[in-house]
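Residues per chain, in single letters:
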Amino acid sequence: MDRTKIDDIYRDRVILDHCRNPRNISPIEHYDLLGDAVNPFCGDEVHFQIGLSDEVIENVRFTGDGCAINMASGSLLSEAVKGLTTEEASELSIKFVESMRKSIDQDVDQQFIGELSALISVRHFPVRIKCALLAWSALEDALSTKA
Amino acid sequence: MFDVEKIRLDFPILAKEIFGNPLVYLDNAATSQKPRQVIDALVDYYENFNANVHRGVHTLSMEATDKYEDAREKVSSFINSESSDSVIWTRNASESLNLVAYSWGENNINEGDEILLTPMEHHSNLVPWQELARRKNADIKFIPMLENGTLDMDRVDDLITEKTALVSAVHMSNALGTINPVRELGVKAHRMGAKILVDGAQSVPHMPTDVQELNCDFLVFSGHKMLGPTGIGALYVKKEILESMEPFLTGGEMVLEVSYEEASWADLPMKFEAGTPNIADSIGLGSAVDYLNVLGMENVREHEKDLTTYALNRFKNADLEGLDLFGPDDPNIRGGVFSFNTPDVHPHDLGTFLDRIGIAVRTGHHCAMPLVRSLGVAATARASFYLYNTKKEVDILVDGVTEALRYFRDGPN
Chain A
1 MDRTKIDDIY RDRVILDHCR NPRNISPIEH YDLLGDAVNP FCGDEVHFQI
51 GLSDEVIENV RFTGDGCAIN MASGSLLSEA VKGLTTEEAS ELSIKFVESM
101 RKSIDQDVDQ QFIGELSALI SVRHFPVRIK CALLAWSALE DALSTKA
Chain B
1 MFDVEKIRLD FPILAKEIFG NPLVYLDNAA TSQKPRQVID ALVDYYENFN
51 ANVHRGVHTL SMEATDKYED AREKVSSFIN SESSDSVIWT RNASESLNLV
101 AYSWGENNIN EGDEILLTPM EHHSNLVPWQ ELARRKNADI KFIPMLENGT
151 LDMDRVDDLI TEKTALVSAV HMSNALGTIN PVRELGVKAH RMGAKILVDG
201 AQSVPHMPTD VQELNCDFLV FSGHKMLGPT GIGALYVKKE ILESMEPFLT
251 GGEMVLEVSY EEASWADLPM KFEAGTPNIA DSIGLGSAVD YLNVLGMENV
301 REHEKDLTTY ALNRFKNADL EGLDLFGPDD PNIRGGVFSF NTPDVHPHDL
351 GTFLDRIGIA VRTGHHCAMP LVRSLGVAAT ARASFYLYNT KKEVDILVDG
401 VTEALRYFRD GPN
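Line by line, the protein sequences give chains A and B. Mapping to the working numbering: the first sequence position 117 is 117, numbers consecutive. Mapping to the working numbering: the second sequence position 245 is 245, numbers consecutive.
Just so you know, not all the hints are guaranteed correct.
[What the hints assert, rightly or not] Cβ-to-Cβ under 10 Å is the rule here; a few derived chain B residues that face chain A: (1) 127; (2) 193; (3) 346; (4) 351; (5) 352; (6) 364; (7) 369; (8) 370; (9) 373.
[Claimed, not checked] Cut-off 30 Å, straight-line C-alpha distance, at most; resulting in silico cross-link-like pairs (DSSO-like, lysine-lysine): (10) B:238 x B:136; (11) A:130 x B:16; (12) A:102 x B:16; (13) B:391 x B:141; (14) A:130 x A:82; (15) A:95 x A:130.
Keep in mind the hints are simulated off the structure, nothing from the lab. Cβ coordinates follow ideal geometry from the N, Cα and C atoms, glycine included.
Can you make the complete structure from the sequences, with help from the hints?
Here it is in structure tokens:
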């Protein structure tokens, strides 16, 4: 079998690694924002607790259930937003979702280099894009609870 | 003789490659592929006979009407109906079920009545009854299911009472493959004065069906799962029941005489077929029935039983640690449907992995959410076989699943 085709989606082991060992899953003492997202069609879910210091995301707790892409996306997102202001996190989310919706032959903003680029490559599998986006819905849900 | 390699040549799509691999189509419980003969019948209709039916006196309309009614005769004989007047065209099994729920259910289900279902119903044989029960203040009950995915028939006598108005059961489960003893359920239902409906969406395509032998009051099925086109299905109703039923949809084609104030209904079966029908696809389904008759439904069932036996053995003996294969392990009461789950790989990841090597399986809840939840999982992967599948394809599936488990457990090499 041509392994590269499978590796397109789970490439560099990033997705598999984050799925097996999701980051930021330990309980956090204090949180200011709560966000949830559920895909009723497949049962996948993502939950975030976010602790702020002033406007900066200091602590994130990610919990979820579902496929490798969903779990990896939640874990990668939790890493990516730590240290950002809520406004920056919101901008990142908008840019990320826009990029995921671009067709595969369109260029994507270079800011998604590094581990987030593993998620961007899920665009090769259109039916799985929603798996990568669920965590970002949960993030938006959390950020929208902020007055 | 049942020559699967020869049969495969009739299905143009089976020559397709997916990511450079031969297509291994194992999503037949969702929809079947179509043989050249069915595709040709559709083209032939549009090129040579296209006209509206039951209307014009012109030649073309009469030819279209003949072909259309001939298709109904074929479908009627295929299920051994006493009369083709008992066969109503619908879009699919779901529409057939809704027709029964509205047309028969509205007038025959009353407050306090009970509708008895199985826990393995497709949403299509659950939601219409939930809605009817809500409208009528009726109750829905379920026959319990045993661990091996079969019905607990010992409980049925207690569950069917004078209150029971309808027993509605799937003949073959689309999620587990279980073949339910619907004839026996019918005997028990009739003994208490209840009606029996058989959901044949998964059974009519895969085994001989005889409505007189089953003695069912209603049978529903879809054309697209039995080599026919999408958008055409059928409802069989025992004639004396059908004659007492009010129309479901009203308008053109289903009337005898219309004034500005009122209308009277056409005879069966047209009373239940308002509007211009799906002529082309009815003819296509007739052609699918011809194809199945040439193969012989007994032979189709034998072939699939053979595949099922082989697949059950391969799954059992493969290196698939932790894999849960749902449904009964006796091929005599199981069709070629294999739902499975593994703690190490989510079904969607498994589905994507298998797709990359050319294998089409379904992942999710298979429109049987309560059942899949009762198995303790959110989703399963499902491989479902049909008459053109081979033992070699069983091997490709089991090897593919084995490789996927290794990949997700150990990571890429």
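Tested hints:
Interface hint status for residue 127 of chain B: violated, as the beta-carbon distance to the closest one in chain A is roughly 15 Å, over 10 Å. For residue 193 of chain B, the suggested interface contact is broken, since its CB lies about 39 Å from the closest CB of chain A, more than 10 Å. Nearest Cβ of chain A to the Cβ of residue 346 of chain B: about 4 Å, under the 10 Å cut. The hint holds. Because the closest C-beta pair between residue 351 of chain B and chain A is about 9 Å apart, less than 10 Å, the hint holds.
Proximity of residue 352 of chain B to chain A holds as hinted, the smallest CB-CB distance being about 6 Å (cut-off 10 Å). Residue-level restraint check for residue 364 of chain B holds (minimum Cβ-Cβ distance to chain A is 6 Å; threshold 10 Å). Hint status for residue 369 of chain B: holds, given a least beta-carbon distance of 9 Å to chain A, under 10 Å. With a least beta-carbon distance of about 13 Å to chain A, the hint placing residue 370 of chain B at the interface is violated under the 10 Å criterion.
Interface restraint check for residue 373 of chain B: the shortest CB-CB distance to chain A comes to about 9 Å, inside 10 Å, so the restraint holds. Taking the CA atoms of residue 238 of chain B and residue 136 of chain B, the gap is near 24 Å; set against the 30 Å cutoff, the hint holds. For the proposed pair residue 130 of chain A and residue 16 of chain B, the alpha carbon gap of about 27 Å is at most 30 Å, so the pair holds. With a C-alpha separation of about 28 Å, the suggested pairing of residue 102 of chain A with residue 16 of chain B holds against the 30 Å cut-off.
Simply put, residue 391 of chain B and residue 141 of chain B have alpha-carbon atoms about 40 Å apart, too far for the 30 Å limit, and the pair is violated. Between the alpha carbons of residue 130 of chain A and residue 82 of chain A the distance comes to roughly 23 Å, so the proposed pair stays at or under 30 Å and holds. Restraint check: the Cα-Cα separation between residue 95 of chain A and residue 130 of chain A comes to about 16 Å, which is no more than 30 Å; the hinted pair holds.
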